[in-house]
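Take the sequences, apply the hints, and build the full model.
Line order of the protein sequences matches chains A and B.
Here the first sequence stands for residues 1 to 1157, numbered as in my numbering.
Here the second sequence stands for residues 10001 to 10203, numbered as in my numbering.
Take every hint as true, because none was put in to throw you off.
Derived lysine to aspartate or glutamate pairs resembling EDC-like cross-links, with alpha carbons at most 20 Å apart:
#1 B/Lys10148 / A/Asp49
#2 B/Lys10148 / A/Glu30
#3 B/Lys10148 / A/Glu60
#4 A/Lys699 / B/Asp10103
#5 A/Lys706 / B/Asp10103
#6 A/Lys602 / A/Asp158
#7 B/Lys10148 / A/Glu58
#8 A/Lys706 / B/Asp10105
#9 B/Lys10139 / A/Glu54
#10 B/Lys10139 / A/Glu60
#11 B/Lys10148 / A/Glu54
#12 B/Lys10168 / A/Glu35
#13 B/Lys10063 / A/Glu899
#14 B/Lys10168 / A/Glu41
#15 B/Lys10063 / A/Glu934
#16 A/Lys690 / B/Asp10103
#17 A/Lys788 / A/Asp487
#18 A/Lys690 / A/Asp665
#19 B/Lys10063 / A/Asp943
#20 B/Lys10139 / A/Glu58
Hints listed in this document are in silico derivations from the structure and should not be mistaken for laboratory results.
Predicted, not measured: the structure shown is a model, and the values here were computed from it.
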Amino acid sequence: MPDQITHPSPEELNAFSLGQLPVDAAAAVEHHVSECQPCCETLLGLASDDTFVELIQEAEQLPTDLAADQVGESGNRSSIPEIPAPLAEHPRYEILGLVGKGGMGDVYKATHRMMERTVALKIINRELVCKPEAVDRFHREVKTAARLSHANIVTAHDAEQAGDVHFLVMEYVDGTDLAHTVKQQGALSIVDACDYVRQAATGMQYAHEMGMVHRDIKPHNLMVTADGTVKILDFGLASLAPDALADVDTVEARSDLTAAGSIMGTPDFISPEQADDAHQADIRSDIYSLGTTLYYLLTGRPPFADGSVMHKLRSHAEVEPEPIQNMLTDVPEELAEVLRRMMAKNPAERFQTPAEVADALAPFVDRHRSQSPPPPTPLAASVDSRSRGWKALWAAAVALCVSLAAAGAILYLQTDNGTLVIESDDENVEIAIRPLHHDSDKAAESSASWQLHIGDTVTGSTVKRLRSGEYAIALQGRANEFELSQDRFLLKRGGKVIVRVTRRDAPTEPRDAPDRTATIPSPAFDGAEIQRFSGHTDNVTAVHVLPNAAQAISIAGDRTLRLWDVQAGEQLAVFGPMALAPFGLDVSPDGRYAVTGDYSGKIVLWDLKTRQRRDIGRHDGSVYCVVFTPDGQSLISGGAIGLKSTDTTVRCWDIASGEESARIDMPTRVRAVDVSPDGTQLLVGLLDGKIKLYDWESKALVRDFKGHRQGLRSLVFSPDGRQAASGATDGRVYLWDVAKGRLSATLTGHATTVASLSFTPNGRHLVSGSYDGTIRVWNTVSHDEVLKLEADKHVTHSLAVSPNGQYVLSGGGKYDERGHHDDGDYALRLWRLPDGIAGTASDATPATLTEVRRLRGHQDMVNAVVLFDQHRRAVSGGQSSIRLWDVDGGRTIREFSSETSATVNAMDVSPDGSQLATGHFSGWVHVWDLDSGETIQSRQLFDQAKVIRTVKYTPDGQGLLVVADQHGAWLLEADTLGDLVHIDLPRIRCGALLPDGRHVMLGAYSRWLGMYDLANGQLVQAFPEHAGSVLDIAVSPDGTLAATASPKAGVLLWDVKSARQVGRFLEAARRLETVAFTPDGRHLLARSDDQQLSVIAVESGLEVAVLMTDNQVTRNISISASGEFVLTGGGGYWDNEEAELVSTGDYDLRLWQLPSR
Amino acid sequence: MNDTSLSLLARLQREPESETWNRLFELYEPLVRVWLRKYDVQDADADDLVQEVLLAVSSDLSKFNHGGQPGAFRGWLKAILINRLRQFWRARDRRPQARRDSDIDARLAQLENPASEMSQIWNRQHDQYVLRQLLELVKPHFAPSTWKAFYRVTVEGQRADLVARELKVSVNAVFIAKSRVLSRLRQEADGLVESSSGFFMSG
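What follows is the structure, given as structure tokens:
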């Protein structure tokens, strides 16, 4: 037993146990431990592992089979068990739940992801659609049924197929069917029963006029909503019956199918002639079924309730039902007669149309309903709905008049060309109206103006003399007390304009009139709607203003394309109705053609002049988006889920030949496409939010944008092609820097889906239309919301800014909370933009630098360039390669590489032109022989994730300045790379040598700027706190001035000797990263991390030129010794927010001629 | 510190190149292969690429100096791997699935960044794979009972007294076995595995 004194410490024991001790020490402790029991006890108690031991344990758990390292891609998608798989995964519909089961199939409540409306999906039982003919007929019939748009009919939207599942997409009705109601509550009152049947008859009459019979009218198919509206279900579905029955051979199966429910007319409610031969069914058969339905509602049982199906069918043909008076005492004789006529065995003895039934039932409804409102009057036809829409507007206006009577006055000016409504806070206001004529020849007759005194005309006035056209409106006096909501308006035939006269906030304190030319308009501009164009009878899904600004086109769910005269507000032409609702719309650059896509994938070209249509081609799935190329020669379309199959391609079509010229496969469905104004690039927006940029010529992917987290809905290029805007279902609008693929702004304000975006012609503003009932205008530079147009709950699906920049045309529709489109208001709206936003004038185009040569070869981002040997040779380095160039010949002389030479960030050529020094990511410095391409010296200064920002030879070529980002600065001996001086500056960013070669200026992120002595690394001169991080430093050739770049403060100019700031340029929002003096010291070049190079005259501080390096994002520049040329390299940028380097493509070097001054 | 005498890296650097190559291959082939797979290299291409990477290592190995930088070797190996992967994918540029290409570039850039999560994974996996090879390498140098004691306690994490009872040796012997093997592993791993260094200095 050794002495206690010699026991090793617990730490030592632990180190021993873990094998951490050096050999000698370990041997001593081992000797002790081998004999010492207490130390073993201590060791047992320690039992701690270190990282090394953990690694060993992990190492032993490594898979021996390599395949085990692969992450398996198991398809463990969760799905609701009952929902057929193709539906559960349906891209367009999100299933919310099962809401009903029926003979035809189950019914699900679902959300249409794109339209964001609630729909019902009725799955058609497989046996009903097992034959292709049956499928075709189903689709055809539903398409026909989908034309029905009536308050008393559940609207069928479409027939669709997902996998092998066929389903009907229809309006979702939150209500109860009458069979259910009767089962729950027993027979209905006479009033209710007659009301419901009368409503059903009204719906049937409408369908009848559209050439449709139902063939399966029964209580189950009549839904009653909470407000008492009856809606007929399943128009078009009965078509499935005859074949289904014929396909079934045995009698048992036949009666099974019939018993199962609603295939052909249900036996309890079927007419005798339909039971005999389903093909004989006409509208009168429906009337019979409606009669039996009325019988059922009144008595609580069908006329022939007992017996087998065959017995029931025979009874309909041969047996009179028990007279209703026998069962109900209070049934008027007249009603019994109506019922008898409805249920007559011989169709000729029945009411011949549902309208007759409705009329016959009216007395029972009206008489008993005197105290309650009549059932909603259904819209008979689209023409009527239009006039009714206007009536509703009038009614609203009258109501407003009443409510405002105490507060002020309303003046109606009803002219032969439309209505002007002036609402005023005060009666005693005078207003002048003066026509505005743009044509000079009309000016002569336009001298007339009208003075109106509101107090005189509270009850309304008719001024016949107002023609259609644009007018100026102004207050006559009292301008200090009141203001007008607009100073001009456009009066159109059948249109209405509302102008508001509102009291100013402080009426007693006169103040200056607001500046109407200000960019940010006064709130009074809100709601500057000047015109509505009525005509569409369903949601307007796209609008476009033609290049002439005088005409516009629109498409809608009513399956029409309409051409409008914007000035007169008149409909010029209606194209269609088409077989399917068109989707996607564009106008050719010459305004001659429109193009549309649709759910079936068809692309149709419409000649707006000759009104001819031409099919271009089709996708396998639907087409949501289609655009013309700027040259008007091609079309680009995007595919999505369609009737038959999914299509995830973008296709290009040659218009002349109609041939498909190219196809790009997408990972998922396409929601939006746009072509850059110069026609070189193509943006594709996918339904899942991703955005991809393609080169049009090669159809190659340029880059992926990060995109939206969810449902992208709109995507457009800005007029200059530098920006793009995208909108999504979450209400966000993103602005993108196209060259970088970087998000430049998020515009938030919309509460929900942004369905449409349009830039103003000068690109300074972006207009967004949303389902939230507003249209917003954003400044594309400041990213502020500058205007909000209230569309009064009108959902905007699409909008377009007119080419003259003065108007916005919007189209959409309106849904109530339950997703029904409710009020038939599908009018397009024309809005006037305030002067500060309107306008086409672009900024003066910046001077462009002449590109002399392009050096092609780099395949990834170029971080550093040096132009030397006058401008005959250059070196460049980037992520993977270093090249020596023959600039005149435009070719690579040599590539330099070693295993550790990746990612060059800085480089310099020795003053004698023989050597190249490169600085690399993670600390490597290489010196190369320029002639042989061999490395002369290599050294890793550090192994950290730091970038070397500066590598610069001293003027004598003996030293090499190296600055490593956030690490430090070194002066190395150029031959050996040995340390001469090391300056430790933790947040260092950049450095520049003074011409004397003995001093260096160093700048840091910490706003530090200082001058150091290179002999000893001592600080010689501290500069006052820098305004922002110092991103780059340049020293003038004579060493008297220094320029620094700062991300926020622009370029700062310093007097080196006195350390005083003597100038400040370019206080812009750009992130300036590089500054360089021209060799004569008279100009400064400043590079920001975009496409701009600014040339600043040092003396005057003026920005004498802005040079746009086309679409390449530059990373570095080098000026030739002569000052004639500048070489740029790039193809990427550092994303400060994401803290990552982003490649943007185009890695060619460019040589530019600097303007001689 | 007599760390050069026994470390695998030191021996590799001293040995003739042909010998080095075989050892390197044995040591690193599984790791490199796993990482090639991570960067979407198909197995058919991986065979060549593994050889390229390890040939580059072996030819420059004699010149490699870790200069006291912890983990320098695996960083160097990683740089070579990245370089070769870049070349490989660049040679296959102009492929239809260009999307994937940029993705690879981004992922390679990540791996290149020593601070990235990807680099941390590389570091950890590198050490694990090297240690697994080292375990095989040193095992023949110990008596089976010593190895078993070490393995039970260190790798399987069992209590030393229980292991002692099972193997019918003293607890002292179990601790000594653990100490010896771990000490040897650390020496072998020096310069290759980061946490092997940092010897405990008493006093």
